[in-house]
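Peer 1: What follows is the residue order along each chain.
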Amino acid sequence: MTVYDLCKAENFAPVVCPAAEREITGVYIGDLLSWVMGKAQSGDGWITIMSNINTLAVASLTDVACIILAEGVTLEQEIIDAAIQKEINVVTTTLSAYETALFMSKELKDE
Amino acid sequence: MSEILTFHFDVDGDDFTSAGQASVQIKKNLRQLGISPDTIRRVSIAMYEGEINMVIHADGGDADVSVTEEYIEIVLSDHGPGIKDINQAMQEGFSTASDSIRSMGFGAGMGLPNMKRYTDYMNIDSVVGEGTTITMRVNL
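Respectively, the protein sequence lines represent chains A and B.
Per this note's numbering, residue -10 is the first one in the first sequence, and the count goes up by one each step.
Per this note's numbering, residue 118 is the first one in the second sequence, and the count goes up by one each step.
Treat the hints with care, since some could be wrong.
[What the hints assert, rightly or not] Not everything, but these chain B residues come out facing chain A in the computed CB check (under 7 Å):
# : residue
1 : T134
2 : F223
3 : A225
4 : G228
Just so you know, the hints here were simulated from the structure itself, not pulled from any lab data.
Beta carbons: idealized from backbone N, C-alpha and C, even for Gly.
Please build the complete structure, drawing on both the sequences and the hints.
Peer 2: Okay, here's the thing in structure tokens:
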């Protein structure tokens, strides 16, 4: 599943997707940035409710495929601008982190 | 004698909006040098954790990165309060960060353990009241 595919799914919407062709190969859930730094894998869809500027740095350094903001969280405009500059994909969903993980699990298994 | 390439960064203190800039820049520089993605990931994560520590605890500092044929070395030095008990600071989950820092997603007590996990060599030289210098190496 690509980030583009995820954006088209029900309950999901793009916040900013400058590299929408990226393939999502796994999932990591977490809001503590250092924890995410230590555990998230390249290509993961990272589910979080943390939406500050440092989230982008962590996404860039861990090389996750996209940030998935759960519970309807979105980004302020200046952070969206920074995401475009850093080429970080950010998707929002009305689902909870748990529901998002269930959906992603099914999608990744079906591939 | 292998040729050494060096990069220097000033890390601003108490500026969480620009924190991580040096790490992101190093990631770009190493990519241009053709370093492997896994090595770049290890170096940039270790450096980011160190950078954030300097912003949180030490009002900023200096970050120097050297690239040799054998390894990439990161030296982070600050004039902050120093680390009282290095063994305790190295434990996963131990943190002295404030609640406001934690609300930003930091202070999980994973910074130093992550730095050790992602590097092949790490040395902490810290004097309470004077500052801390951390040297890390990732082998090529």
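Peer 1: All hints are to be evaluated individually against the structure, with a verdict given for each.
Peer 2: Tested hints:
1. T134: Check passed: Cβ of B:T134 comes within 5 Å of chain A, closer than 7 Å.
2. F223: Hint holds; B:F223 Cβ to chain A Cβ min 6 Å, cut 7 Å.
3. A225: With Cβ-Cβ at 4 Å, under 7 Å, it holds.
4. G228: holds, 5 Å
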